[in-house]
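Asks: Here is what each chain is made of, one letter per residue.
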Amino acid sequence: MHFGVFLQSNNRLWSMLLALWVAGLLPTTSAAASSFVYCLSQGGAKVFAGREATGGSLAFGLSVWSPAGQNISLFGVAARRGAGWQYTENMQASTSAERCRLDIMRGADGALRVVADPGATCQSHGGVNAEIGTVLFPLTAYEGIVTTELDDPEAFQKAGRCWKPPTSRKSQ
Amino acid sequence: MSAQQQDQEDTNFEKLIAEREGRRNDVYKDSLGKLTVGIGHLVVPSDHLNFGERISDEQIDAFFEKDSAPAMQAARSQASAAGITDSAFIPYLASVNFQLGIGWTNTFPHTWKMIVDGKYEDAAKALDGTLWAEQTPVRVKDFQNALRSLPPKQ
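Just so you know, the protein sequences line up as chains P and H, in that order.
For any residue, its number in my numbering is found by taking its place in the first sequence, counting from 1, and adding 27.
For any residue, its number in my numbering is found by taking its place in the second sequence, counting from 1, and adding 27.
Bear in mind the hints are in silico, worked out from the structure with no lab data behind them.
Since this is a predicted model, take the numbers as computed values, not measurements.
Treat the hints with care, as some may be off.
Result set (DMTMM-like, lysine to aspartate or glutamate): computed pairs, CA atoms no more than 20 Å apart in a straight line [said to hold, decoys possible]: (1) H:K61 x H:D113; (2) H:K56 x H:D34; (3) H:K56 x H:D37; (4) H:K168 x P:E158; (5) H:K93 x H:D113; (6) H:K152 x H:D84; (7) H:K152 x P:E125; (8) H:K168 x H:E85; (9) H:K140 x H:D113; (10) H:K93 x P:E158; (11) H:K146 x P:E181; (12) H:K42 x H:D88; (13) H:K146 x H:D94; (14) H:K140 x H:D88; (15) H:K140 x P:E125; (16) H:K93 x P:D179; (17) H:K168 x H:E41; (18) H:K93 x H:E148; (19) H:K140 x P:E158; (20) H:K93 x H:D169; (21) H:K146 x H:D113; (22) H:K56 x P:E158; (23) H:K42 x H:D53; (24) H:K61 x H:D37; (25) H:K61 x P:E181; (26) H:K42 x H:D144; (27) H:K152 x P:E158; (28) H:K61 x H:E80; (29) H:K168 x H:E148; (30) H:K61 x H:D34; (31) H:K61 x H:D94; (32) H:K42 x H:E92; (33) H:K140 x P:E181.
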């Protein structure tokens, strides 16, 4: 039996290997493997694209849509911090909406967690009432490696492969 | 610009957002369970409002005016920067700022440059295939139609 066929017939092993690979814990032959795109479409789409540089920093794009159709988007470079990354911006600003601090973590299970600091919510990057809060992308939200998503902020907004057909916002 | 013209822009903007987001006099819970009233106004403690309570049309207008002021201000500033004087365009540009934030020109730098350059048809087409268009097709269509209705830039 070929190894690929064996894997396909063993869903549990396949899931484990995929999680390890997504989490970057398996050796790969391509530098592109240190990049990742996650997409969710629950209650408004949520998209994250990240690419780790050799120095450990993470170029990323994040777009969070509320169920009402409001959006908040961020595009920047997060610094390595512990096992994850942290993005900060405008931390001397007078309001929590203008201050911005994001913690980005990838678990060994392949999930990605993005958390906005309640005291630095980044909301000035979004529309009225749009917020990041905490976004958990499970392993099943992993879509693959970055292709053009991080070329520039507008390219990130054309991450068409992430889109799942909306069901309830035809009037928006 | 006359005060009358500004009032008309404000009125049209409120009408546009109300059409897209709805307008309710009773305090309700949105899909995330947050208390909401009027035109998508999130209730804050200082509003002193409870679930089910009703507010007047004037109060709805007041909430909206406050919530939307930065978007309207940004729209007027952006229109000026882009050399757009068509008053009918302002509510649609304000709607974009209301939905995406006043920094939307940084999120869509190429589209914004097309607008500044007067390439309105190109700008409208550039929005096809974006996550924005996929998520809220009607709102993007609003903006595309508004762009296509602009007179050629002199």
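Asks: Next step is simple, just say for each hint if it's right about the structure.
Replies: Here's how the hints hold up against the structure:
{"no.": "1", "hint": "H:K61 x H:D113", "result": "violated, 37 Å"}
{"no.": "2", "hint": "H:K56 x H:D34", "result": "violated, 31 Å"}
{"no.": "3", "hint": "H:K56 x H:D37", "result": "violated, 27 Å"}
{"no.": "4", "hint": "H:K168 x P:E158", "result": "violated, 24 Å"}
{"no.": "5", "hint": "H:K93 x H:D113", "result": "violated, 24 Å"}
{"no.": "6", "hint": "H:K152 x H:D84", "result": "violated, 38 Å"}
{"no.": "7", "hint": "H:K152 x P:E125", "result": "violated, 32 Å"}
{"no.": "8", "hint": "H:K168 x H:E85", "result": "violated, 30 Å"}
{"no.": "9", "hint": "H:K140 x H:D113", "result": "holds, 18 Å"}
{"no.": "10", "hint": "H:K93 x P:E158", "result": "holds, 19 Å"}
{"no.": "11", "hint": "H:K146 x P:E181", "result": "holds, 17 Å"}
{"no.": "12", "hint": "H:K42 x H:D88", "result": "holds, 10 Å"}
{"no.": "13", "hint": "H:K146 x H:D94", "result": "violated, 31 Å"}
{"no.": "14", "hint": "H:K140 x H:D88", "result": "violated, 34 Å"}
{"no.": "15", "hint": "H:K140 x P:E125", "result": "violated, 25 Å"}
{"no.": "16", "hint": "H:K93 x P:D179", "result": "violated, 33 Å"}
{"no.": "17", "hint": "H:K168 x H:E41", "result": "holds, 18 Å"}
{"no.": "18", "hint": "H:K93 x H:E148", "result": "violated, 33 Å"}
{"no.": "19", "hint": "H:K140 x P:E158", "result": "violated, 27 Å"}
{"no.": "20", "hint": "H:K93 x H:D169", "result": "violated, 23 Å"}
{"no.": "21", "hint": "H:K146 x H:D113", "result": "holds, 15 Å"}
{"no.": "22", "hint": "H:K56 x P:E158", "result": "holds, 17 Å"}
{"no.": "23", "hint": "H:K42 x H:D53", "result": "holds, 18 Å"}
{"no.": "24", "hint": "H:K61 x H:D37", "result": "violated, 27 Å"}
{"no.": "25", "hint": "H:K61 x P:E181", "result": "violated, 31 Å"}
{"no.": "26", "hint": "H:K42 x H:D144", "result": "violated, 29 Å"}
{"no.": "27", "hint": "H:K152 x P:E158", "result": "violated, 28 Å"}
{"no.": "28", "hint": "H:K61 x H:E80", "result": "holds, 14 Å"}
{"no.": "29", "hint": "H:K168 x H:E148", "result": "holds, 13 Å"}
{"no.": "30", "hint": "H:K61 x H:D34", "result": "violated, 31 Å"}
{"no.": "31", "hint": "H:K61 x H:D94", "result": "holds, 16 Å"}
{"no.": "32", "hint": "H:K42 x H:E92", "result": "holds, 12 Å"}
{"no.": "33", "hint": "H:K140 x P:E181", "result": "holds, 12 Å"}
Violation of the numbered hints given earlier is confined to hints 1, 2, 3, 4, 5, 6, 7, 8, 13, 14, 15, 16, 18, 19, 20, 24, 25, 26, 27, 30; the remaining hints are satisfied by the structure.
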